[in-house]
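J.: Use the sequences and the hints to build the structure in full.
Residue numbering for the sequence shown is 38 to 168, as defined by the numbering used here.
Accuracy of the hints is not assured; some may be wrong.
Cut-off 27 Å, straight-line C-alpha distance, at most; resulting in silico cross-link-like pairs (DSS-like, lysine-lysine) [unchecked claim]: (1) LYS158 to LYS42; (2) LYS120 to LYS42; (3) LYS120 to LYS158; (4) LYS150 to LYS139; (5) LYS158 to LYS139; (6) LYS42 to LYS54; (7) LYS107 to LYS46; (8) LYS46 to LYS158; (9) LYS158 to LYS141.
Since the hints were derived computationally from the structure, they do not count as laboratory data. Keep in mind that this is a model prediction, so the values were computed, not measured.
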Amino acid sequence: MKNSKEIMKRIYEVRDKIAHLTAERDEIRNRIHETLANAKSKTERFEYIRSEEHNNLSRLEHDIQISIEKYTSELRYKENNLKIAVFNEVVPIFLETLEKYKGKRYGEKTREKIANEVREKTGCAVYIFNE
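T.: Given below as structure tokens:
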């Protein structure tokens, strides 16, 4: 499995791609809407709807929407993989740190020391509580 930094890099790439495709799709929708709004009669609107330009734009919009859905699915998959990767990277370090404090009572200061040490090593915040 890839490490969390590689997965995060891909997540950023996919998010950028989705944003770009969404903007492109919105631009096409606006073009279609403006053309229909500027038509002077129902006949002119009907002719535009039946025109090849409208068909091409509609087809392109549909293809872009499918791409957005594909990238959105990939994004969900990558986000889940990221959670697993971070868990696999952080838990061993957390357990190793807890092992150092094995004989001590887990008071407020000890919890803070453990949390700070794990944060320094992994960059992840840890919240420890007793129940």
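J.: If a hint holds in the structure, say so; if it does not, say that too.
T.: For each hint, the structure was consulted:
{"no.": "1", "hint": "LYS158 to LYS42", "result": "holds (15 Å)"}
{"no.": "2", "hint": "LYS120 to LYS42", "result": "holds (12 Å)"}
{"no.": "3", "hint": "LYS120 to LYS158", "result": "holds (18 Å)"}
{"no.": "4", "hint": "LYS150 to LYS139", "result": "holds (13 Å)"}
{"no.": "5", "hint": "LYS158 to LYS139", "result": "holds (19 Å)"}
{"no.": "6", "hint": "LYS42 to LYS54", "result": "holds (19 Å)"}
{"no.": "7", "hint": "LYS107 to LYS46", "result": "holds (18 Å)"}
{"no.": "8", "hint": "LYS46 to LYS158", "result": "holds (20 Å)"}
{"no.": "9", "hint": "LYS158 to LYS141", "result": "holds (21 Å)"}
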